[in-house]
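Following the hints, put chain B in place on chain A, whose structure we already have.
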Amino acid sequence: AQSVTQLDSQVPVFEEAPVELRCNYSSSVSVYLFWYVQYPNQGLQLLLKYLSGSTLVKGINGFEAEFNKSQTSFHLRKPSVHISDTAEYFCAVSDQTGANNLFFGTGTRLTVIP
Amino acid sequence: DTGVSQDPRHKITKRGQNVTFRCDPISEHNRLYWYRQTLGQGPEFLTYFQNEAQLEKSRLLSDRFSAERPKGSFSTLEIQRTEQGDSAMYLCASRLDARGTDTQYFGPGTRLTVL
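If you read the sequences in order, they're chains A and B.
With the first letter of the first sequence counted as 1, position 23 gets the number 23 in this note's numbering; the numbers rise by one all the way through.
Position in the second sequence counted from 1, then plus 1000, gives you this note's numbering.
Bound-form chain A, shown alone (with noise of 0.2 Å):
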C-alpha cells in the first residue's frame, strides 16, 4: 500500500515571495506522483503530475515540482505565489498497474498574504 505525508498543514507566505510545498511517499511498488488544488467548495484540479523521465515537472499557474527518488519526496514549488494561489493542495500518488486509485496526503494549506 502507499502513503503519502504532506509535512506543513498550513503555509503563510507573503505575495511575491516564493514557496515551497513538501511532500513524502511510501510505497513499495512503482508509483505516479501528483499534485492537486482544491479551491473552497470546489472540486480537485490537476497541478502537475510526475509519470517518468526528468525529474523536474512544471505544472499550470507557474508551479512546478521535483521527483527525488532517494528520499521518496516530490515538493511542490513557486518562485512567486500571487492572491490567487490561496488554496488547498494535495500531494497523491497511485501505483502504476491495477486500479491507479489515487492515495492523498492531509493536504496544505497556503495563504497568501497581500
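Please note that the accuracy of each hint is not assured.
As the list claims (entries may be wrong) - Example chain B residues on the side facing chain A (calculated, C-beta under 10 Å, incomplete): (1) Q1041; (2) E1056; (3) P1070; (4) L1091.
The hints are simulated quantities; they were obtained by calculation from the structure and are not laboratory data.
Please read all numbers here as calculations on a predicted model, not as lab measurements.
Where is the CB? At the ideal position from N, CA and C, for every residue including glycine.
For chain B alone, coordinates are given in the frame of chain A:
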C-alpha cells in the same frame, strides 16, 4: 468536454434517512472513482468502476453504502440509514483507461450533512 458533474452539490438529511448521489463522468471515460473527503483531510478512495463493473471497494465502504454504474456511463452512490459520521464531501472522478493516460478528473463534489 463538459467535465465531471455531480448532483446534488449539497444534501442535508436526518440521521437514518437514505440518500443517493449521482456522478456524470466525462464522456468516453471508462473508469469512474468515488472518494470521500472529511473536514481537514485528503480524499480517501471508496470504490471504482471499469465500465459497468465495480472492480474494487475500500474497507471504508460499509454495507450501508452501495454504488452502481448500470450502463457504464453515470454512477450513483447510495447511503442507507445515514449516520452523523457519514457527513463529508463525496467526490467523483473519471479517467480514460488507455496507454499514456493517467489523470483523474474530479467533479465539484456533493457535500453531505447528516443531522
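Now for the hints, and whether the structure bears them out:
no.: 1; hint: Q1041; result: holds, 6 Å
no.: 2; hint: E1056; result: holds, 5 Å
no.: 3; hint: P1070; result: violated, 20 Å
no.: 4; hint: L1091; result: holds, 6 Å
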